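Trainee: Chains X and B, in that order, are what the protein sequence lines are. For the first sequence, my numbering gives the first residue as 4, with consecutive numbering after it. For the second sequence, my numbering gives the first residue as 8, with consecutive numbering after it.
Quick caveat, the hints were computed from the structure, so don't treat them as lab data. The structure displayed is predicted, hence computed values, not measured ones. By construction, the Cβ of each residue, glycine as well, lies at the ideal position given by its N, Cα and C atoms. One thing to keep in mind: the hints can contain errors.
Stated by the list, open to error - What follows is a set of in silico ranges between Cβ atoms, one per label pair, in the way DEER data are often shown:
1. B:Ser143 <-> X:Arg454: 21 to 27 Å
2. B:Ser143 <-> X:Val292: 44 to 50 Å
3. B:Ala209 <-> X:Ala29: 22 to 28 Å
4. B:Gly15 <-> X:Pro458: 53 to 59 Å
5. X:Val292 <-> B:Arg12: 56 to 62 Å
6. X:Pro458 <-> B:Ser143: 38 to 44 Å
7. X:Arg459 <-> B:Gly20: 41 to 47 Å
8. B:Gly15 <-> X:Ala806: 41 to 47 Å
The lines below spell out each chain.
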Amino acid sequence: MLRTADVSDWRAVLSGAFAQNRLRTAIAVLAIALGVALGFAVQLINGSAVDALAQGVRTVSGDADLVVRGPRSGFDEALFVRFARDPEVAVASPAVEVEARVAGRNDALRIVGLDLFRAAAIQPGLVAETGSGLDMLRPDAIFLSAAARAAFGLAPGDTIALQVGLVDARLRVAGQLAGAAGERIAAMDIAGAQALFGRLGRLTRIDLRLSEGVDPRRFAERHAAALPAGVAIDRPDASLRATESVSRSYRVNLNVLALVALFTGGLLVSSTQALGVVRRRAQFALLRVLGVTRGRLARLVALEGALIGAAGATLGVVAGYAIARIAVRFAGSDLGAGFFRGVEPSLAVDPWALATFFLLGVVAALGGSLVPAREAARAAPARALKAGDEETALSRMRSPAAGLALFVLGALLVGLPPVDGLPIAGYAAIACLLAGTLLAMPWIAGMALARAPVPRSPPSALAFAQLRGAPGQVAVSLAAIVAAVSLVVSMAIMVQSFRSSLDAWLARVLPAEVYFRVPSADTAFIAPADRARIEALPGVARVEFLREELLLLDAARPRVVLLARPLAEADAAARLPLVDAPVARPAGAPPPVWVNEAMVDLYGFRAGRVVALPIAGREVPFFVAGVWRDYGRPQGAVQVDEATFVALTGERNATNGAVWLASGASAANVRDAIRAAVPGGERLEVALPGEIRALSLAAFDRTFAVTYALELAAVAIGLFGLSSAFGALVVARRREFGVLRHLGMTRRQVGAMLATEGAATAALGVGVGTVLGAAISLILVYVVNRQSFHWGMELDVPWVNLALFGLAVVALATLTAMLSGRQAMGVDAVRAVKEDW
Amino acid sequence: MLSIRALGKRYTGPRERTVLAGVDLELAAGDYVAIMGESGVGKSTLLNLVAGLDRADEGSIRIGGAELSSLDDDALTVLRRERLGFVFQAFHVLPYLSLAANVALPLALVGVGGDERERRVAEMLAAVGLADRAASFPRELSGGELQRVAIARALVHRPMLVLADEPTGNLDPESASAILALLRDQVKGRGAAGILVTHSLAAARSADRVLLLTREGLRAHGDGS
Chain X
4 MLRTADVSDW RAVLSGAFAQ NRLRTAIAVL AIALGVALGF AVQLINGSAV DALAQGVRTV
64 SGDADLVVRG PRSGFDEALF VRFARDPEVA VASPAVEVEA RVAGRNDALR IVGLDLFRAA
124 AIQPGLVAET GSGLDMLRPD AIFLSAAARA AFGLAPGDTI ALQVGLVDAR LRVAGQLAGA
184 AGERIAAMDI AGAQALFGRL GRLTRIDLRL SEGVDPRRFA ERHAAALPAG VAIDRPDASL
244 RATESVSRSY RVNLNVLALV ALFTGGLLVS STQALGVVRR RAQFALLRVL GVTRGRLARL
304 VALEGALIGA AGATLGVVAG YAIARIAVRF AGSDLGAGFF RGVEPSLAVD PWALATFFLL
364 GVVAALGGSL VPAREAARAA PARALKAGDE ETALSRMRSP AAGLALFVLG ALLVGLPPVD
424 GLPIAGYAAI ACLLAGTLLA MPWIAGMALA RAPVPRSPPS ALAFAQLRGA PGQVAVSLAA
484 IVAAVSLVVS MAIMVQSFRS SLDAWLARVL PAEVYFRVPS ADTAFIAPAD RARIEALPGV
544 ARVEFLREEL LLLDAARPRV VLLARPLAEA DAAARLPLVD APVARPAGAP PPVWVNEAMV
604 DLYGFRAGRV VALPIAGREV PFFVAGVWRD YGRPQGAVQV DEATFVALTG ERNATNGAVW
664 LASGASAANV RDAIRAAVPG GERLEVALPG EIRALSLAAF DRTFAVTYAL ELAAVAIGLF
724 GLSSAFGALV VARRREFGVL RHLGMTRRQV GAMLATEGAA TAALGVGVGT VLGAAISLIL
784 VYVVNRQSFH WGMELDVPWV NLALFGLAVV ALATLTAMLS GRQAMGVDAV RAVKEDW
Chain B
8 MLSIRALGKR YTGPRERTVL AGVDLELAAG DYVAIMGESG VGKSTLLNLV AGLDRADEGS
68 IRIGGAELSS LDDDALTVLR RERLGFVFQA FHVLPYLSLA ANVALPLALV GVGGDERERR
128 VAEMLAAVGL ADRAASFPRE LSGGELQRVA IARALVHRPM LVLADEPTGN LDPESASAIL
188 ALLRDQVKGR GAAGILVTHS LAAARSADRV LLLTREGLRA HGDGS
């Protein structure tokens, strides 16, 4: 325990250290603040959105013990009778859920049709809070949540127009729901909803409250086997997990990016502290001579780091909250990714998250200070008192053994499967590569500089001699820039690979000239008569219709998309973007199905296997004839031939269509003709492939916009790190510059020497960072993306952009070194050579 | 070779102070003088003015015919590079260069390269007794050895004038004596002039003449004191 005198000693040394390095300390604090702010903001935004989703699930399920759910199109309502009569069920509440398009707006509203009397017992949040409760029995009345009322600007008594099929249905807003304040949701009478949305005789869910003493798990197990195929019984939070899982990988990826920014901030603290220790080596040695123990000295340096971390973390959580508010306001709760439509989160600060990110900031800075602290304690005072001993301080870092061991560990981790759907091993492999490279940097720097050609001019030759003599200092200076460059390079390669693969995929999956679809597959469809009208339009050579369904294969996962379209086995390779050659179906095998990559990862639907799909209430066997690439449905999708689907379901209504034009026909004219040909056709969404491609790529760019911000922040931190390191080195080398001025080097020559050092150091950092980034990009492309989102992509390296980026970083670093050098130029050469111990 | 006339230097500021006034000194090639004086009397200031690292307020300094007050910073730097050599109290041998590279540095700056540079470096290292340590680094040397390297560096480019500021201040008496003898022999043997600034009378006696710097200027040590 510290005595009073000790405390004042510590304060004096610390305040002196911070006062001496005011700018560098401030930059280190800002770097930590940036990392904490980004991480906390991402956590705050996502946490709030997920909380709002959870609230929505709680509202819809109320205090139900179990929920029976099935395909999006619903299941036979006879199932309700079975549960309602079960003596172990206290209350069974049937429901019909649809996503209805609000007329005149590009927005959907979730509508739940309920039996008022049963819902009141289980889902009180979906019962009217204002207005007459009896209105919940009227088929033309609807109750909105507070968020829905605010979003659509509706008050009780107003009329809301919803698109049902291709026509508008008008409902009277009868009041506000008691719960679900943060979610855009509405409730109405179940019979009215069934009639209005074409769900007569069908339900989409049954919420069950069991009688006292009945074990929900055993009840569910007993009933599961007897349920129709594609219908599941599970805890209500299973659907939350399913909804959450769609965005979880994206959220985790953002958090990892923010942590990388924080890690880079930690490196900045490390380089600031390491060079601060080098600079104060003689001062520390004097303290040791005066009787300060090794432990106290180490704790002093660590405490400096912790104080930087605490200051940065405090600033960071405040800034994070501000960033989250701004981001939610301008980019939405999904930061532009489109996962949480209809959710209006209010930012609620979770004290645990706040404490976690505050601690992460402190730990990052403290961690960054540990090696310098250990070094400060280990220095032999007598030797450290001599000038020119700086590199000795860092020479112990030159063994590549620890770095190489981490490379090997990283390589081994790459092959491991995901953990709970997340690429934990992939992230760990990236961390190993990053840490291994940083640990091996002194060795890499030593090797690279030893092999670099020596320039002829004395200033440049001196610069190289200095760098060769001090690879440890070079490595410390470079840590932050290597991390930042590797982050940018890896993300640039991954994003470019993804974008070009997406572009190629769009070209492949959009072969027709005009596309159209119903505005909401829940409530609208293209009937056979409408299909015939469209096919008969002038200018139309061929139309291919498609039916989209949502099937429940696993209650804990989101529903899988089923696409039924004319698809002959022989044409599959030509028409689908298959990732491998199609598998020949053996004689006698069930009908073919083509699955996307997510189905392979999530459900094990590998090519050549026979699998079962719940269609029309029964398990239907299919032969997996091929795997196709799909960037639109990470929850999983399957394609079957329309004839097979019709034979199984009798369903001939379509939801989408693709038109090939007759020779000389105009796409714009055909677009108009389609809208005019079908009753309510003006409701159809009709688009040309170019428009769909542009929209898709714009959505892609929006999704990655936040990552660009994080990358820029990391590069800024990296450059700060280099600047900080150079600044410290310049101060530490004042005597050297003084001597060189005595020996006849002009200010310009000293400046050129520093510029050469800056350029060579940055080039080394950019080179190593690029190689590391390229290695990380392979893990991102082939492991992290595949395990997170279940899609593959072709590697595409943006050579020109990377070259320009590398040159820009080298130029900025050179400029940074030169600006730091001005400090050296400003130091009186005479005074500098006089300063010594 | 070195001509100082009526040299004066004042430091301005809240407490204006005259450091040097009426300093005259003439040195010819081969002259080796020691300058002594109380702390704060301006010994180091005088060396800085001669080195072109500071500007005089009065008087003139000519080195090899060049008037320092007429030269800009770059020209002073070139003059320093070509005509002066320095030996410091704290050696100031660059830690990241080998001994040979340290000694070669002034030659590189004046554009002497190739075999000629190697020959002269080898000759200088031999002259200071470090012929077999050319590839060593400063961290491997004792203080006395480091000062030998500094002397070799100060003379390798054949300067007109060598300025030594307390060159034995960091050395033990035995090493100091050897270094002083070496410095004198090398300066005089190579036809250069030398100024040795020191607090030590013993060190000063290694020079041809001992001068005392006072508020009134330079005078021979022992004159009227």
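Trainee: Would you mind marking each hint as holding or not holding in the structure?
Mentor: Now for the hints, and whether the structure bears them out:
1. B:Ser143 <-> X:Arg454: 21 to 27 Å: holds, 23 Å
2. B:Ser143 <-> X:Val292: 44 to 50 Å: The hint (44 to 50 Å, Cβ to Cβ) is violated, given that Ser143 (chain B) and Val292 (chain X) are roughly 28 Å apart.
3. B:Ala209 <-> X:Ala29: 22 to 28 Å: Taking Cβ atoms as reference, Ala209 (chain B) and Ala29 (chain X) lie about 51 Å apart, which means the hint is violated.
4. B:Gly15 <-> X:Pro458: 53 to 59 Å: violated, 44 Å
5. X:Val292 <-> B:Arg12: 56 to 62 Å: violated, 48 Å
6. X:Pro458 <-> B:Ser143: 38 to 44 Å: violated, 24 Å
7. X:Arg459 <-> B:Gly20: 41 to 47 Å: holds, 44 Å
8. B:Gly15 <-> X:Ala806: 41 to 47 Å: violated, 59 Å
Hints 2, 3, 4, 5, 6 and 8 from the list above are not met by this structure, while the remaining hints are.
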